[in-house]
Amino acid sequence: MFETFLFVLLAVVTTIAAILVIVQRNPVASAIYLIITLFCLAGIYLLLSAPFIAVIQVLVYAGAIMVLFLFVIMLLNLEKEKKLIYRNRLQKVLGVFLGGVLLAQIGMIFSSVLLEGSKGKFPAEKVAALGNTEVVARLLFTDFLLPFEIVSVLLLVAIVGAIVLAKKQI
Amino acid sequence: MMITDYLPIFIFLVVAVGFALVTIFLSSIIGKRKITPQKMIPYECGMDPIGQARKPFSVKFYIIAMLFIIFDIEAVFLYPWAVIFKELKIFGLVEMAIFIAILLVGFVYVWKKGALEWE
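Each protein sequence line maps, in turn, to chains A and B. Just so you know, we're using the working numbering here: the first sequence kicks off at 1 and counts up by one. Just so you know, we're using the working numbering here: the second sequence kicks off at 1 and counts up by one.
Treat the hints with caution; some may be incorrect.
Stated by the list, open to error - Only pairs whose alpha carbons sit at most 30 Å apart, straight line, appear in this in silico DSSO-like list of lysine-lysine:
| hint | chain 1 | residue 1 | chain 2 | residue 2 |
| --- | --- | --- | --- | --- |
| 1 | B | Lys113 | A | Lys126 |
| 2 | B | Lys60 | B | Lys112 |
| 3 | B | Lys32 | B | Lys112 |
| 4 | A | Lys167 | B | Lys113 |
| 5 | B | Lys86 | A | Lys167 |
| 6 | B | Lys112 | A | Lys121 |
Because the hints were derived from the structure by calculation, they are not lab data.
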């Protein structure tokens with residue numbers, strides 16, 4: 001009961017904040033609302049008994065990635081966004097129409113199909129008993145050892161790429 | 001873990017947001033409202049602002065932000081590792097050492113290239 005209440009609260013706040021992200025004219029204000037959205041999503045992950053993803057959501061998305069978003073907003077020449085008001089009538093009509101089609105499709109799927117997949121190796125009860133982070137860690141450092149080490153190479157490539165792209169004069 | 005176990009974190013968030021809101025609210029009802037041009041500039045007792053606040057930032061900040069994200073993602077892998085660190089014994093230590101060593105190459109590269117210098 002309490003969890004349902006929490007979910008509804010978080011879902012409503014997430015949706016309102018997400019709408020505010022797209023209606024703001026000021027990109028910095030949009031970014032602030034996106035942080036609220038991401039925080040509420042972290043709360044929803046907690047309700048799904050996935051505390052690890054919830055913490056990562058706050059640390060990486062609400063922290064690091066939002067910093068990058070803000071820097072990109074600052075990096076671009078601002079004040080131009082005010083001129084970006086679409087006056088194209090056809091585009092608006094088409095956008096509303098396609099959005100409606102998408103909504104209808106989602107509605108049809110939810111009304112016709114019972115959304116319950118088959119259970120995998122780690123159903124919610126087992127994960128809750130073992131501890132979410134422990135399960136993730138055990139799999140990551142034993143079964144998925146090679147992908148984990150490859151991630152470090154991927155990050156290395158990202159470091160080199162960032163430096164090469166941003167530091168032209170070297 | 002039950003959802004009620006996160007009550008301390010919830011209280012922490014409520015107090016943090018609440019303190020900010022209460023402070024703004026109190027200052028708006030207790031304080032006087034007398035607007036002068038001097039009060040409306042960003043720093044009342046500082047330098048006079050030059051031009052607009054919203055200028056394009058230097059690309060130097062961008063590099064720092066990129067590197068911050070990459071090393072943040074590296075740190076993310078340390079959390080699950082720390083949870084079962086004792087269970088993995090020496091095997092876990094070695095695999096994390098390899099992981100860190102590969103990223104250390106990147107760190108040395110960044111350092112040697114002078115990307116952390118503020119030239």
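Right, here's what the structure says about each hint:
{"no.": "1", "hint": "B:Lys113 with A:Lys126", "verdict": "violated (48 Å)"}
{"no.": "2", "hint": "B:Lys60 with B:Lys112", "verdict": "holds (16 Å)"}
{"no.": "3", "hint": "B:Lys32 with B:Lys112", "verdict": "violated (55 Å)"}
{"no.": "4", "hint": "A:Lys167 with B:Lys113", "verdict": "holds (9 Å)"}
{"no.": "5", "hint": "B:Lys86 with A:Lys167", "verdict": "violated (42 Å)"}
{"no.": "6", "hint": "B:Lys112 with A:Lys121", "verdict": "violated (47 Å)"}
Consistency note: the structure conflicts with the earlier hints numbered 1, 3, 5 and 6.
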